[in-house]
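**Q** One letter stands for each residue in the lines below.
Protein chains: 4
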Amino acid sequence: MTLSPEQQAEIDDLRASPQPTLRTVSEGMEKHLYSAVPVLDHGFVRVVDYMGDDAAICQAARVSYGKGTKSVQNDEGLIRYLMRHWHSTPFEMCEVKLHVKLPVFVARQWIRHRTANVNEYSARYSILDREFYIPAPEALAAQSVVNNQGRGEALEGEEAERVLRYLRDDAMRAYDHYEEMISQDGQQGLARELARMNLPANVYTQWYWKVDLHNLLHFLRLRADAHAQYEIRVYADAICDIVSDWVPFAYKAFEDYRMGGATLSSTALDCVRRMLKGEEVTQENSGMSKGEWREFVGVLG
Amino acid sequence: MTLSPEQQAEIDDLRASPQPTLRTVSEGMEKHLYSAVPVLDHGFVRVVDYMGDDAAICQAARVSYGKGTKSVQNDEGLIRYLMRHWHSTPFEMCEVKLHVKLPVFVARQWIRHRTANVNEYSARYSILDREFYIPAPEALAAQSVVNNQGRGEALEGEEAERVLRYLRDDAMRAYDHYEEMISQDGQQGLARELARMNLPANVYTQWYWKVDLHNLLHFLRLRADAHAQYEIRVYADAICDIVSDWVPFAYKAFEDYRMGGATLSSTALDCVRRMLKGEEVTQENSGMSKGEWREFVGVLG
Amino acid sequence: MTLSPEQQAEIDDLRASPQPTLRTVSEGMEKHLYSAVPVLDHGFVRVVDYMGDDAAICQAARVSYGKGTKSVQNDEGLIRYLMRHWHSTPFEMCEVKLHVKLPVFVARQWIRHRTANVNEYSARYSILDREFYIPAPEALAAQSVVNNQGRGEALEGEEAERVLRYLRDDAMRAYDHYEEMISQDGQQGLARELARMNLPANVYTQWYWKVDLHNLLHFLRLRADAHAQYEIRVYADAICDIVSDWVPFAYKAFEDYRMGGATLSSTALDCVRRMLKGEEVTQENSGMSKGEWREFVGVLG
Amino acid sequence: MTLSPEQQAEIDDLRASPQPTLRTVSEGMEKHLYSAVPVLDHGFVRVVDYMGDDAAICQAARVSYGKGTKSVQNDEGLIRYLMRHWHSTPFEMCEVKLHVKLPVFVARQWIRHRTANVNEYSARYSILDREFYIPAPEALAAQSVVNNQGRGEALEGEEAERVLRYLRDDAMRAYDHYEEMISQDGQQGLARELARMNLPANVYTQWYWKVDLHNLLHFLRLRADAHAQYEIRVYADAICDIVSDWVPFAYKAFEDYRMGGATLSSTALDCVRRMLKGEEVTQENSGMSKGEWREFVGVLG
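Protein chains in written order, with this note's numbering: chain A, 141 to 441; chain B, 141 to 441; chain C, 141 to 441; chain D, 141 to 441.
Hints are computed from structural coordinates only; laboratory data are not their basis.
Treat the hints with care, as some may be off.
Partial selection, computed: residues in chain D whose CB lies under 10 angstroms from chain A [as the list claims (entries may be wrong)]:
id : residue
1  : 245
2  : 249
3  : 255
4  : 275
5  : 307
6  : 332
7  : 338
8  : 415
9  : 418
Pulled from the structure, derived: some chain D residues nowhere near chain C, Cβ distances all over 12 angstroms [stated by the list, open to error]:
id : residue
10 : 148
11 : 192
12 : 284
13 : 293
14 : 315
15 : 316
16 : 324
17 : 325
18 : 385
19 : 406
20 : 433
Note that beta-carbon positions come from the ideal geometry of N, C-alpha and C, so glycine has one too.
Produce the entire structure from the sequences given, and follow the hints as far as they go.
**A** Written out as structure tokens, the structure reads:
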């Protein structure tokens with residue numbers, strides 16, 4: 141992972157000088173501040189700032205639901221209740237700002253989550269670095285033969301080598317030409333906003349990404365999921381660790397009700413009821429399609 | 141203004157115990173934390189939490205625009221440049237959470253700004269207090285005779301007295317009946333979610349409102365404007381004071397480019413150019429309607 | 141229900157003159173256009189415009205997922221797949237615009253759904269009508285003794301009569317005074333934006349509400365739910381009927397996967413697995429709180 | 141421009157069969173439906189669906205502002221009033237759905253406008269076509285020597301030739317390798333979601349993009365502006381033509397108040413006032429920085 145020396149100096153400087161504040165402080169999060177967590181070969185996630193903690197979620201809920209919330213005995217119970225009943229607004233009261241360095245094709249998936257604030261490094265104004273994501277051998281997955289979206293086993297031998305050679309060589313050549321095109325060495329130099337179009341989607345970019353906890357958990361549910369592309373999932377996993385230290389009660393409820401939970405359809409619930417009564421339920425008499433049944437069996441596995 | 145004793149105790153407790161943090165601290169904002177600013181007869185605004193400061197705006201801009209932003213010599217210059225050219229995302233990197241107590245008819249206007257997070261006190265679950273907004277005599281404005289939206293001079297004498305009597309008596313009676321309806325004194329008691337419908341729109345509610353700086357400034361531009369209803373403008377004015385201490389450079393740029401500025405149409409710009417050349421421009425030869433011309437003359441004052 | 145004569149004339153006029161279009165047409169929705177569905181005592185819902193149909197959902201999905209989606213044999217299968225796997229963007233490709241007349245306290249709940257476009261009748265500019273929601277006797281529910289939010293049985297006898305008398309009399313008096321205050325009969329007349337504060341929350345307002353299908357279904361899941369307040373649920377129910385005619389495949393999938401479905405936590409799924417293996421699972425050995433267990437038992441019916 | 145034969149057949153089919161509807165019909169927009177407007181070398185914009193017209197904007201405004209809006213004599217006057225006073229919600233009542241084919245680096249700028257619905261062709265599931273944006277000679281601009289963001293004159297001679305050769309050759313080689321990597325010709329074939337990372341940012345993608353008129357006009361103001369990158373501006377220009385036919389009054393007001401207008405700061409307005417009184421105002425005594433003054437002179441130019 142590569143923070144630039146300037147970035148590292150900025151971080152060191154900031155870490156050295158705690159200041160007093162009257163705001164809510166999350167001990168678990170303070171230790172993450174400014175420390176970049178390495179992800180993939182050149183990427184990272186680092187916490188730039190945060191607002192709120194578990195107590196702030198409860199405080200907002202108690203404004204909303206008043207005395208009603210006092211019957212729930214403690215903060216953890218209240219947070220579990222809110223998560224279980226899909227109360228989203230108290231979780232929106234926490235906010236986090238991350239600095240992320242990531243390949244462009246990952247950034248393109250990530251940005252589809254619209255309810256966040258983003259400042260991305262601009263290749264119209266500035267020159268991108270010569271940094272490209274090259275998968276580790278074990279991440280060099282074959283196309284799944286089961287479905288269009290998934291990955292199969294890792295490629296091996298000559299095929300793997302050829303793929304890595306293509307990825308590396310094409311990236312290096314594209315970057316060489318990028319540099320030559322914008323160079324003013326005895327020439328005018330192509331506009332940066334044009335030259336960047338020669339760079340492949342594994343080039344690294346970086347951004348500041350600011351999001352509230354409710355929308356962050358929604359992002360994590362989709363992107364830390366086993367069906368998410370590996371290259372975004374590793375970022376989601378790194379963020380999960382951070383969230384777990386920041387708001388431990390909320391994260392634990394999230395794991396139980398979202399990550400580890402499952403939504404069953406009306407038809408599926410009916411099948412469960414029949415099975416609990418001892419009935420033999422099969423795909424044929426379940427009312428589900430083959431795909432649904434396969435997923436249903438997977439959940440009850 | 142009335143914070144409940146519990147709210148005041150919570151505030152006193154929080155103010156007494158600063159904690160160290162590695163996050164960005166805005167000195168100007170720390171002094172506002174937890175101090176409720178009185179607004180109207182029973183309302184208030186108080187800062188619960190915040191994220192970022194002027195430097196955080198610049199930091200995000202420099203991630204986006206890289207070396208390009210270094211040519212702007214200092215933070216204030218950069219912030220003015222960003223404001224002037226409608227760069228909104230760096231301002232989104234600051235966030236504030238406010239606790240606001242306000243009459244329901246003000247809350248109904250306020251909530252129309254959708255890009256914020258809100259937790260409102262719920263009258264489905266809890267019982268509202270007997271607190272109603274009754275305008276001060278100088279705020280008891282007549283309907284404007286010029287336009288449908290505006291206010292004229294303050295009512296006086298018997299008319300003013302009658303209005304105040306109606307507002308006070310109807311509020312008190314409505315609240316008496318609200319209390320009687322939900323009372324279980326020898327009866328079942330009407331559901332709170334129904335009983336609340338008897339309360340008029342000047343009853344006070346409260347909420348936590350969390351918003352980023354870009355959207356907050358947009359709110360302030362509309363609601364601190366002279367055309368906004370007085371009862372929401374006083375809240376906007378109170379928030380302006382807070383923002384001015386929180387992010388002084390951004391607020392100053394906002395005053396110059398937004399609050400004190402004006403957008404001229406293509407036609408209006410053309411008129412200015414003609415006037416600067418010495419031409420006599422009148423409404424008739426301006427290409428503007430009477431309404432537009434009146435506003436144009438107002439701007440050129 | 142009361143459309144004004146002008147509104148009814150506008151509707152009759154529009155219904156009389158179909159025009160040719162090249163756009164997608166939903167037969168089921170055309171029959172709803174401009175016909176107001178009565179809700180509560182003075183409210184209504186009517187479809188003003190719509191965009192898209194079931195086929196438009198599939199068309200958008202096929203742009204996204206390309207050849208992958210052709211393996212799903214037909215539109216209904218594809219829509220069920222999308223709903224089951226929480227693919228939201230294809231459903232966002234349909235849009236509907238409704239004209240709704242509703243009590244203010246219902247409007248206040250409704251507006252909390254932020255991802256919609258709203259134009260509400262403005263009581264700053266215009267004068268509200270003398271129309272108030274007065275619950276039917278069977279909707280005059282007592283406060284639940286089980287939880288703070290719910291409703292118990294309907295009030296009866298003298299208590300019911302007194303409640304209805306309060307609601308009616310207070311509304312009429314408040315409106316009389318509203319009229320007197322804004323009257324210019326020998327006086328200046330209070331500004332409308334102030335006078336409105338005397339009106340209780342059961343006064344009717346109206347708005348145009350425009351929303352995409354994904355966000356509409358989210359709204360319906362929360363507001364057509366048995367736990368929603370009756371007075372908003374009847375609006376949600378009326379809209380459900382409309383959606384069912386507009387996009388029948390999407391609505392059916394919504395009923396199966398959302399309205400009739402349930403999300404089970406990791407702990408709850410584990411209990412189901414244990415029960416299916418024949419183990420005796422009780423609240424005590426379930427790992428759930430009493431509240432969770434009660435809900436779990438309710439789901440398994 | 142290249143619609144696939146299947147896309148063209150779908151379009152021809154749809155254009156051949158108008159159907160009756162009770163909805164608002166915009167004659168000007170009907171003629172655009174399904175006709176793809178070519179943009180750049182392989183891109184296009186085509187209207188898939190729309191909702192509303194100029195009259196729908198006024199209808200929504202009249203719900204909001206009631207009788208107040210009747211004093212404005214006609215629809216065009218009302219629309220100009222709404223645009224001038226930044227009333228955004230009535231414009232949100234119109235919606236359009238576009239199918240756009242565009243280079244990835246343009247898509248990355250475009251997606252930053254978050255208030256829209258998007259379904260993009262997925263290169264996780266499907267295989268991208270061998271289509272790349274190669275600038276026409278006159279669009280092959282040099283980096284501006286004045287500012288970091290802009291473009292200078294077009295490159296010429298050998299430098300231009302070399303740039304075009306790099307762009308073409310690198311794209312073709314990257315695509316050859318992309319094809320080889322995913323090929324299952326005697327091998328497993330790399331997962332598509334990985335192989336795509338080898339493709340440069342001038343490869344074409346496509347999406348369905350649905351947006352309301354208010355947010356579309358905001359997009360056009362920024363992207364049809366002279367400072368926008370040429371490659372996105374040509375898309376914005378094509379959409380401007382469409383909007384002009386769809387809602388002619390709104391578009392004309394937009395041109396006058398937004399595209400052709402300018403926002404003057406408090407300081408700039410003061411300078412105008414001084415100049416109109418005959419005072420000699422220079423940068424030195426203006427209170428503006430050099431950059432602001434240059435822009436100010438440009439506006440009054």
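**Q** Each hint needs a verdict: does it hold in this structure or not?
**A** Now for the hints, and whether the structure bears them out:
1. 245: holds, 5 angstroms
2. 249: OK, holds: residue 249/D within 10 angstroms of chain A, min 8 angstroms.
3. 255: holds, 8 angstroms
4. 275: holds, 7 angstroms
5. 307: holds, 6 angstroms
6. 332: holds, 6 angstroms
7. 338: holds, 5 angstroms
8. 415: violated, 34 angstroms
9. 418: Check failed: Cβ of residue 418/D comes no nearer than 41 angstroms to chain A, outside 10 angstroms.
10. 148: Holds, since 15 angstroms exceeds 12 angstroms.
11. 192: Answer for residue 192/D: violated, closest chain C Cβ roughly 6 angstroms.
12. 284: It holds; residue 284/D is separated from chain C by about 37 angstroms at its closest Cβ, greater than 12 angstroms.
13. 293: holds, 39 angstroms
14. 315: holds, 17 angstroms
15. 316: Correct as stated: the minimum Cβ-Cβ distance to chain C is 21 angstroms, above 12 angstroms.
16. 324: holds, 15 angstroms
17. 325: holds, 19 angstroms
18. 385: holds, 14 angstroms
19. 406: holds, 28 angstroms
20. 433: The claim stands: residue 433/D keeps its Cβ more than 12 angstroms from every Cβ of chain C (closest is about 40 angstroms).
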